[in-house]
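Residue numbers (our numbering), protein chains in the order written: chain A, 1 to 493; chain B, 1 to 306.
Don't take every hint at face value.
[To be verified] If the Cβ cut is set under 8 Å, some of the chain B residues that face chain A in the computed set are:
| hint | residue |
| --- | --- |
| 1 | 30 |
| 2 | 90 |
| 3 | 223 |
| 4 | 226 |
| 5 | 229 |
| 6 | 262 |
[Stated by the list, open to error] No more than 20 Å apart at the CA atoms, straight line, and that leaves these computed lysine to any residue pairs for SDA-like:
| hint | chain 1 | residue 1 | chain 2 | residue 2 |
| --- | --- | --- | --- | --- |
| 7 | B | 235 | A | 278 |
| 8 | A | 299 | B | 45 |
| 9 | A | 305 | B | 265 |
| 10 | B | 44 | A | 230 |
| 11 | B | 264 | A | 419 |
| 12 | B | 237 | A | 281 |
| 13 | B | 139 | B | 154 |
| 14 | B | 237 | A | 435 |
| 15 | B | 139 | B | 162 |
| 16 | B | 124 | B | 151 |
| 17 | A | 84 | A | 131 |
| 18 | A | 305 | B | 273 |
| 19 | A | 299 | B | 262 |
| 20 | B | 264 | A | 384 |
| 21 | A | 250 | A | 439 |
| 22 | A | 453 | A | 442 |
| 23 | B | 264 | A | 304 |
| 24 | A | 305 | B | 78 |
| 25 | B | 235 | A | 277 |
| 26 | B | 268 | A | 382 |
| 27 | B | 235 | A | 375 |
| 28 | B | 235 | A | 379 |
| 29 | B | 44 | A | 226 |
| 30 | B | 235 | A | 276 |
| 31 | A | 96 | A | 107 |
[Claimed, not checked] Far from chain B by the CB rule (all over 10 Å, computed), these chain A residues:
| hint | residue |
| --- | --- |
| 32 | 44 |
| 33 | 58 |
| 34 | 136 |
| 35 | 221 |
| 36 | 349 |
| 37 | 350 |
| 38 | 397 |
| 39 | 398 |
| 40 | 441 |
By construction, these hints were calculated from the structure, which means they are not laboratory data. Virtual Cβ for every residue (Gly too), placed ideally from N, Cα, C.
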Amino acid sequence: MSHMDRTSHEELARRELARIRSIPLNPKARMQIPVQDMPSQDPSLRRANMSEVASGYTAEQAMLESERCLQCKNAPCVTGCPVKIDIPGFLAKARKGDFAGAVSVIKRTNLLPSICGRVCPQEKQCQLPCTLGKALGGVDKAVQIGRVERYVADYERQAGLLAPPPAAGPTGKKVAVVGAGPAGLTCAVDIRRQGHKVVIFEAFHKAGGVMVYGIPEFRLPKDLVASEAGVLESMGVDFEMSFLVGRTRKLGALLKEDGFDAVFVGTGAGLPKFMNIPGENLVGVFSANEYLTRANLMKAYEVGKAATPLYPSRRVAVLGGGNVAMDSARMALRLGAEEVRVLYRRTREEMPARGEEVVHAMEEGINFDFLASPTQVLGDQNGRVVGLEVLSYELGEPDESGRRRPVPVRGSEKIVPFDTVIVAVGNESNPLISRTTPELKVDRWGHILVDEKQKTSIERVYAGGDIVLGAATVILAMGEGRRAAAAINEVLQ
Amino acid sequence: MHSEHTILSKRQLSEEVYRMEIFAPLVARERRAGQFVIVQYDQKYSERIPLTIADADPEKGSVTLIFQTVGASTHKLAMKNVGESIVLLGPLGNPTHIERYGWTVCVGGGIGLAPLHPIVKALKEAGNRVTVISGARTKELLIMQEEMEALADEHIVVTDDGSAGRKALVTEPLTELCSRTPKPDLAVTIGPPIMMKFCASATQPFGVKTLASLNTIMIDGTGMCGGCRVTVGGKTKFVCVDGPEFDAHEVDWNQMLTRLGAYKNLEKEAHDRCHMEMSIQKLQKEQAAGSKGEAGADNREGSKVR
Numbered sequence: 001m002s003h004m005d006r007t008s009h010e011e012l013a014r015r016e017l018a019r020i021r022s023i024p025l026n027p028k029a030r031m032q033i034p035v036q037d038m039p040s041q042d043p044s045l046r047r048a049n050m051s052e053v054a055s056g057y058t059a060e061q062a063m064l065e066s067e068r069c070l071q072c073k074n075a076p077c078v079t080g081c082p083v084k085i086d087i088p089g090f091l092a093k094a095r096k097g098d099f100a101g102a103v104s105v106i107k108r109t110n111l112l113p114s115i116c117g118r119v120c121p122q123e124k125q126c127q128l129p130c131t132l133g134k135a136l137g138g139v140d141k142a143v144q145i146g147r148v149e150r151y152v153a154d155y156e157r158q159a160g161l162l163a164p165p166p167a168a169g170p171t172g173k174k175v176a177v178v179g180a181g182p183a184g185l186t187c188a189v190d191i192r193r194q195g196h197k198v199v200i201f202e203a204f205h206k207a208g209g210v211m212v213y214g215i216p217e218f219r220l221p222k223d224l225v226a227s228e229a230g231v232l233e234s235m236g237v238d239f240e241m242s243f244l245v246g247r248t249r250k251l252g253a254l255l256k257e258d259g260f261d262a263v264f265v266g267t268g269a270g271l272p273k274f275m276n277i278p279g280e281n282l283v284g285v286f287s288a289n290e291y292l293t294r295a296n297l298m299k300a301y302e303v304g305k306a307a308t309p310l311y312p313s314r315r316v317a318v319l320g321g322g323n324v325a326m327d328s329a330r331m332a333l334r335l336g337a338e339e340v341r342v343l344y345r346r347t348r349e350e351m352p353a354r355g356e357e358v359v360h361a362m363e364e365g366i367n368f369d370f371l372a373s374p375t376q377v378l379g380d381q382n383g384r385v386v387g388l389e390v391l392s393y394e395l396g397e398p399d400e401s402g403r404r405r406p407v408p409v410r411g412s413e414k415i416v417p418f419d420t421v422i423v424a425v426g427n428e429s430n431p432l433i434s435r436t437t438p439e440l441k442v443d444r445w446g447h448i449l450v451d452e453k454q455k456t457s458i459e460r461v462y463a464g465g466d467i468v469l470g471a472a473t474v475i476l477a478m479g480e481g482r483r484a485a486a487a488i489n490e491v492l493q
Numbered sequence: 001m002h003s004e005h006t007i008l009s010k011r012q013l014s015e016e017v018y019r020m021e022i023f024a025p026l027v028a029r030e031r032r033a034g035q036f037v038i039v040q041y042d043q044k045y046s047e048r049i050p051l052t053i054a055d056a057d058p059e060k061g062s063v064t065l066i067f068q069t070v071g072a073s074t075h076k077l078a079m080k081n082v083g084e085s086i087v088l089l090g091p092l093g094n095p096t097h098i099e100r101y102g103w104t105v106c107v108g109g110g111i112g113l114a115p116l117h118p119i120v121k122a123l124k125e126a127g128n129r130v131t132v133i134s135g136a137r138t139k140e141l142l143i144m145q146e147e148m149e150a151l152a153d154e155h156i157v158v159t160d161d162g163s164a165g166r167k168a169l170v171t172e173p174l175t176e177l178c179s180r181t182p183k184p185d186l187a188v189t190i191g192p193p194i195m196m197k198f199c200a201s202a203t204q205p206f207g208v209k210t211l212a213s214l215n216t217i218m219i220d221g222t223g224m225c226g227g228c229r230v231t232v233g234g235k236t237k238f239v240c241v242d243g244p245e246f247d248a249h250e251v252d253w254n255q256m257l258t259r260l261g262a263y264k265n266l267e268k269e270a271h272d273r274c275h276m277e278m279s280i281q282k283l284q285k286e287q288a289a290g291s292k293g294e295a296g297a298d299n300r301e302g303s304k305v306r
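Chain B on its own, in the form it takes in the complex (with noise of 0.2 Å):
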């Protein structure tokens, strides 16, 4: 049965951030600016965990991933080298609807400038004038940012420490942004939903439609399990065939974050558990390193003595 693809590279971009490139030449053909996929680290007892698409690349049939080692499942998928598979379906959600908007502003906050990098991409082919506003809490959870400055019109960087860019939350240029005239024709929101939720609330007085990619717990990724489901506009939706793009000022964004927070303690727990394995892991590597050392100074000595 097949079903594995091979990781062809790996980086860790920052303290918790990796970037993998997967072999995986149809999803690479097939995958469009705003969808996602779902992984697994194997096929026994792994989490199916969606992640979005970086970037693609359909001559070397590779996607490309970003993604940020929050709980137990993404550190496991973090531990894998190059050479060995994961799972991978897709692409999955309905591809980012782009067209001449005119200007259009886009957010992304931490990880999530990851998946908004297509999305400019895409914009930006389609004719735009693109605003980028690039946010992170500081320098080093930056990411993408050699691409976005090659791509975007006007670029603004923010960090929650001012150690890049202004100090400033995203809204703040966003709320500027949309204070100009002519006002921005549409806003793109990327990142912790938090985040986007308030990148809704600055830009809904200015009326400017605003989309939001959102990352709610998923199992199938296909339509079956249901665990997606968001209100927008009052009414029940599937993140993962509705979505995973919808109008931000229409989304319950309180019920969608208790929603996110279902399995908050058992995920803490799973988290906690596998720092500790990974601590005793290393423990028992540096350990075994250090018998070895020791070894060798024993030699040292014994023919010292000799």
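Just chain A, same shape as in the assembly (with noise of 0.2 Å):
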């Protein structure tokens, strides 16, 4: 596929946005309007780059691609939605050059759109029931709602509309918020509206959690995280950063010694999973999370400025089929290394990353060893890795998922040289709090234990995020924020 460039793109959206404005707009013609690709920078300029790769709609897109919604009724979108944004409301006005008002109507459910613009998983939300997607044929040709919600989130923040949301009259009371991840922080912002005092404990020395240390600047600009965190700390909610909830202080002593009325926590993803394999523990073998944090949160791209070292690399496998895992490779391919394979146990169509991230590392030239893991990581006498034994599998029968279950193919062992390894299979749960606080009920792989409305087994203490999912999405974090915020400000009346 040839690589078209944004004036392009505009140019396109421009003729077709006068056509249809010159027809009457019935829901056949609707279906005609082409879906709006998202313009990015050449791939092969990009793989050498940190700047973002999707540069966003025109205007003349958003409107056009608003235009192809058929704003039904029963609207399917919105109960794909994890926050339940009003999305033929929003569309609605974009459609007509109503930018800010778009955003506005966004924004009454969600309040981090530019992020969620850029990292929800879309055609497993919002895009997957939409009514247009199923009458073409395709969930690639639904309504491309995230890309549009991107567009105007981007279109506030650049016309300089970008305002706190206001927050009621004091109350007298104070919330604590565990970890400034996207749990967290929804969670601050719904809690802080009601007028209540919010305090953010952040163990990191930035806010952001996994969308600073974890997905990349080519895939969600840090500035624009942390101008997200700044509108918190304009609406009057403090942070305590390089702060660690059960070491510095205890989260029984929060609520019992400092005042807080009740907590959250949201401390999010915890120790990495490995495959547990002989050799993990060569010096080459790295965490995704090690990986993306010295990388991400660390800036040691940054060479001869940041001072966190990475590890020089040729020849880079990454074992698993997530964004975890595209994120890990893509980095990988930008830190210079000269080939990047992505290693995974079934097919392309189990792969659980979002379909763009896949379309764009392919367009990077990362390369992809379906039906295939590794049995063990070999080193050097110096305890480096230099290869991977890898194992063929084929498809079997259906597991307990639904999905394909993989079969070893005896005898398929071969070795491929590699010098280093990206284990991106997940994370256990951060054993830290659960620790320190023995009163707090765990499940038996240690996330927090939580009633429908994020209750924990301890009064006024509250949980959401990746500590009681395991390994989710930012939006479904922001989905358990937006939960428990409600609960603990009913309980707080």
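Assembly of the complex is requested from the two constituent chains, each provided in isolation within its own frame, with the hints serving as guidance.
See below:
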């Protein structure tokens, strides 16, 4: 596929917009408007820089894409959205060019649209049940809700319209939010709106959680995350950075001694999972968490400036098929690896990564070895990685998840040279809070147990995000933060 | 956003060793023997540097860090002055399990004497008889000697070059102590990994339970990155949340030493670059001072001529 630049996208959209403005727009005509592709950096250039890959719709594209929406009465898209954005409502405003109006509709239920527009797996959420997509025979033909969401959110910020949501007058109540990731930030906003004092405790020196340590700059620019956190600050939310609840202060002490009326725990992902194969502690094997944290949070890609070193890699294997695997692979490429291969035990269809990330990775020259998984990591006499022994699989009978189970092909082991292995097969839960708060009930994987209102086994303590769900997504974490905030606001009334 | 902690005092203990007191009241109150902190000399490009806590004063709200300038990052930390701020997160890791063991032997090597100090203190307070072995390359690298002298029931000093105490490695007196009857009930060792490895081999034949405090590479220090993983008793453990102390006889020391060397070349480069920058700065300062001096001299000469 040849790469199309932004100006060409803009030109095409302008012509199409002029055409539809001259005809009566009935559903049939709407269905004929072509899906607006996302303008992006040329793959041959972007594979060597950290700048954002997708450059965002033009105004014409945003209007055109919104015109594709059939404004279904039952709005199946809204049911697919974890935070229940009024999607037909904001698209109705966007198609008229009222982008400020559109973003204010979104912000009724989602304060972080510029982030969600970029990182939500829309094809599995709002865009999956889209009537238009169904009628046109594929989710890729659905209204590109996320891209319009991103456009109107960026419009708001660039036009200087970003304003903190109003907070009610002081109530005398205060709430501690543990973790400044998507769950915590969302929860903090909703509680602060009611006038309660909110203090966010964050272990890192920057706010954003996975959005700053995990998701790379080229997919989610960090100044954008910082500006969203800045909105919280201007609402009067306090941030206590480099503060590890459980160690710097126990959870119980926040409630009993520091006068907090409620606590929300959104501590996120924890200990990285490994494959449990021989050789995983060799030098050159990294968890995706470590690899990405070095590059993103610690800015190790700014060689010469950042003090955190990066392992010099030429041939990189990434194990896993999710978004984190895609991020690791594409980061490795940008950090100068000559060859990056993603090894995944199943096939492209079963990959949990967002479709767009897989396409982007392929365009950039990442190689995919499907139906392949390593059996051991091989090292040299200095304890450094020199390769993987890889076993091939084939698809067998469907398992309990309905996906066809990968079955190893006996005797198919072969040795492939690599100097770096990045393991991106998920996380266990972080044990810190539960170990230092024995009365907090967790399941056998260490995830905090909550009821339908996100309440834990301790009175006035709520939890949400990855510490409850295991490895999930930014938007699911936000949804949980929101639900917890509603419950906390109710209790504090 | 509140994140910074002020440096209250700074003292250079030897050419490479610095002692800093940092204002961190919550950490000072919560920390227990055996725990560590992560510091950054700035918010932007600093590495996250795990450092053990040498002492704390809850009333003053301060923690004391003693560190050796082994690389570029610790050098930059050492260049920070009183009144300036650093980022500090902690206390991290599990505290040392303190109980009345009976007779304990505490072995500290070089900078490892700093984190050993609170452990010795806690063991004494719990009613143990404590023998301390202080070891270093040379006399001037021996730190916390007054404190150890005051706390220990028996204090053995060794240096590699014999400039203080016995000319020996710490393993020599350690082996002697283990050969006594009754043998020690517990040994604790903190210092360079290679020293801890040999301490483990020294005590193992005597069946003296030995704890070692591991100083692996870390990024977050809170159980997220897995960079600090070590094999202990055949299982992968995370030093930041499962440690930092482990049964020294169960640690795969060779693997740990290999993993510590992962960035050796890059670290050396960064260190050299840092040294060069510092020398240039020093030279520039000297030149600036020198030109002032010269100007003064010129004036004097001028006055002479006149």
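Can you list which hints this structure breaks, lowest number first?
none
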